[in-house]
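Q: Join the two chains, each given in its own frame, into one complex according to the hints.
Residue numbers (my numbering), protein chains in the order written: chain A, 1 to 226; chain B, 1 to 115.
Treat the hints with care, since some could be wrong.
Label-pair ranges, simulated between beta-carbon atoms [what the hints assert, rightly or not]:
1. Gly-151/A with Pro-15/B: 25 to 35 Å
2. Val-114/B with Gly-176/A: 39 to 49 Å
3. Val-99/A with Pro-15/B: 36 to 46 Å
4. Ile-106/A with Ala-29/B: 44 to 54 Å
5. Ile-94/A with Gly-64/B: 30 to 40 Å
No wet-lab data here; the hints were simulated from the structure. We put the beta carbon where it would ideally sit given N, CA and C, even for glycine.
Residue strings, one per chain:
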Amino acid sequence: MSSPNDPNEPPVPPPPGGYGAPPPGSYGTPPAGGYGTPPQPGGYPPPAPEAYGAPPTSGGYAYQPMPSAGGYGYPAPQPGLQRAGFGRRFVAVIIDGIVVGVITAILATILGIDIGTGNSVAGNGSVSSNFNLRTGYNLLNAVITVLYWGGMEGFMQGRTLGKMALGIAVRDINTGAPLPVGRAFVRAVGRLVSGAVCLLGYLWMLWDGQKQTWHDKFANSTVVKL
Amino acid sequence: MGLEPLVLDSARLRPAVLIAGVALVAMLAGAPGIPCLLRQTTGIPCPCCGMTTSVCELVTGDLGASVQANPLGVVVVAVALVSLVRRFSLRVPAGVGLGVLFASWVYQLVRLGVL
Chain A
1 MSSPNDPNEP PVPPPPGGYG APPPGSYGTP PAGGYGTPPQ PGGYPPPAPE AYGAPPTSGG
61 YAYQPMPSAG GYGYPAPQPG LQRAGFGRRF VAVIIDGIVV GVITAILATI LGIDIGTGNS
121 VAGNGSVSSN FNLRTGYNLL NAVITVLYWG GMEGFMQGRT LGKMALGIAV RDINTGAPLP
181 VGRAFVRAVG RLVSGAVCLL GYLWMLWDGQ KQTWHDKFAN STVVKL
Chain B
1 MGLEPLVLDS ARLRPAVLIA GVALVAMLAG APGIPCLLRQ TTGIPCPCCG MTTSVCELVT
61 GDLGASVQAN PLGVVVVAVA LVSLVRRFSL RVPAGVGLGV LFASWVYQLV RLGVL
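Isolated chain B (complex conformation) (with noise of 0.2 Å):
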């Protein structure tokens, strides 16, 4: 398994911060967000839960409720900010990205009670 490294550029994030940002500004006026389709088919939730609950909280200035909904959002946030204002090329090794979202299902597990 020779995993490629992960690459986060800015110019590739960009388009797609962008239309999060639509996103995000529907779901703070009102409009429901995406539910995990893995939580709502079968109960279990993924390793993403909480990220739409995080990003609000985060953006409407609860830091505590944003993190304990899952602790990614607030770095999704800040890679989202910083693509849009200074040009930067990341890799990451697969093997971090990966433990990343492991330890953020254990939480994900344990917060939602099926831990």
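One chain only, chain A, in its complex shape (with noise of 0.2 Å):
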């Protein structure tokens, strides 16, 4: 999936506090060509030494802050916006899941749909023969979280329930403005993507370069703190 939103493409200013400080060592070597020798004849006088890393105000030849090897040069997606880590995700689809959890568990009674035990047994090695299905529940579940999700992400400017506890949102992570409906939708469907490699596209923020889950990257979204 090809982000139009590389890590190493624009440089949109950090935030203050945030990831985006570029390691030491690269304010020491300036690029071949670069400082001490200004592109246009007759231009601008060389800048100072101490003139690192005060962007000049006019000019050509900005200093573009480059990612750092960790990846952590995000860009974010509205200046004074910060996008929301993990800990602060995890404890609200912990919220949602238990809202859907409850409607699915009050519908499909009311529906006659066998909830069953659905479980495997952990903690031994052996093939488990015995794994019971729980497909009809598993998909009314589907169905209600697409709708959940994607209403409240859609109509609610991108916060669920869990979300408003955390204060977070979802935002398009190129403009900082909340999902128009159709993708809120989208990426309430996604999240049947992400959890059906258990929980995978959910963990894939951990390690991705813009800390989108798959949904995230289906939608074109992230999480920012409010």
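A: What follows is the structure in structure tokens.
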């Protein structure tokens, strides 16, 4: 999946105190043909060495901050907005999961869908032959998942109940605006994919260069602190 | 498809490792694991199936059973432990990550009798 927002690409100023600090070593070696030789003949005088780090107010050769090797050079979705970390998003999804689980369980009871045991026995290395399927219940849960997350994030400025509790919201990764309703539902369907591979799509934000989950990538979104 | 490399950074992994550690203690005390949604719904295992079993077996000392359930469990535990005690930032090419996932999926499909 190629993101239009590659970390090497836009030099958006990082939020204060955020992840954007370039490694200290990168200040010591100016690129060849950089500060010592101005491109325009007769143009700007070479800046004093202490001018490093302060971008010139006019002129062509602004210092471009390089993303560090750790991939922490995230462009902020909007000046002043910081991306939410794993902890907040984890707690939010637990809250929302409980909400969706309660709704699903009540509806399943009304509709007469068997919840079943749906679990395997953890802790023994043998191939479990008695793995109980829970197809109907899980499909109902998937429908509620899409309706709940799509509806809340589409109509409530990117906030589910869990996100409200944690002070975070879904935003477009480029503009910082709430997602349109259609993309909120794309993101909600994307959750099913993120959850299908043992939640790997959720964990993806831990090592993704853009700190995005799979459903973030499908909807070109991110989650920010408000 | 210009896939970004995956960045395994100790500082970013640490909160997740701590949460997983709490869950692991609960499971060793008898709490049920998190079932694979794909397998629970369709009967088809996913690439990470067997991971809970693998990690539980490893931390209780049965390396053989751990590898049998999912060979990646050993790798995950190793990365998790190292992230707690030292700083690192590893860049893994996306192709390597996808290749490992695919190999793991084939292994699980064979192990659980789908292939």
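Q: Provide an ascending list of the numbers of those earlier hints which the structure does not satisfy.
A: Of the numbered hints given earlier, those the structure breaks are 3, 4, listed in rising order.
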